[in-house]
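Heads up: the sequence shown begins at 1 in UniProt numbering, then just goes up one per residue.
It is possible that part of the hints are untrue.
Unchecked claim - Derived lysine-lysine pairs resembling DSBU-like cross-links, with alpha carbons at most 35 angstroms apart: (1) Lys67 <-> Lys136; (2) Lys91 <-> Lys166; (3) Lys166 <-> Lys136; (4) Lys67 <-> Lys166; (5) Lys67 <-> Lys91; (6) Lys91 <-> Lys136; (7) Lys166 <-> Lys24.
No wet-lab data here; the hints were simulated from the structure. Note that the structure is a prediction, hence the values are computed from the model and not measured.
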Amino acid sequence: MARDDDQEQDSVDQHVARWSAFWKNEPAFAPEVEGALVRMNFIQREARRADAAAFAESRELTSEDYKTLHVLMIQPWPVEATPAQLAEAAKVTRAAMTSRLDRLVAAELVTRENDETDRRRVLIRPTAAGRAMWSKYIFEGMARDQRLLRALSHEELIQLNGLLRKVLLDLES
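Input sequences plus hints: build the corresponding full structure.
As structure tokens, this is what we get:
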């Protein structure tokens, strides 16, 4: 990997150096690609660990319950969703969503009501307490995310986003 000699090494530099020695005559091995992907995976793993730890300590909400509140709060429908819509958005089965909604209704974080125009249709709406709980956890999550990237300046974050956007646009095309 091309690096400045005075730049401190991380564990990924050591990983890439081992593979570079192993694949020294293999033109298909790209040390910079390996390094970038391993670092991105490491950062994502740390984000997931921090989130899991935060919810493991919570007595108010499980990670699954938060994810359910989250899909309800960010969903494209005005202020409500059906259990099927939430299950699809959360990428869980309808049975799993029913269990989650049962817990959220019991905790008075959402309401489950029949649609006035179609009694067969059930609508889920966040309560004021549900909105407050979601806000609390979303801002705590934002703080954890910002701690993960605190080594970068604002300008470096803009540069990083530009580079990642370029990669994503290529993948999405």
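Evaluated hints:
no., hint, verdict
1, Lys67 <-> Lys136, "13 angstroms, holds"
2, Lys91 <-> Lys166, "27 angstroms, holds"
3, Lys166 <-> Lys136, "33 angstroms, holds"
4, Lys67 <-> Lys166, "29 angstroms, holds"
5, Lys67 <-> Lys91, "10 angstroms, holds"
6, Lys91 <-> Lys136, "23 angstroms, holds"
7, Lys166 <-> Lys24, "29 angstroms, holds"
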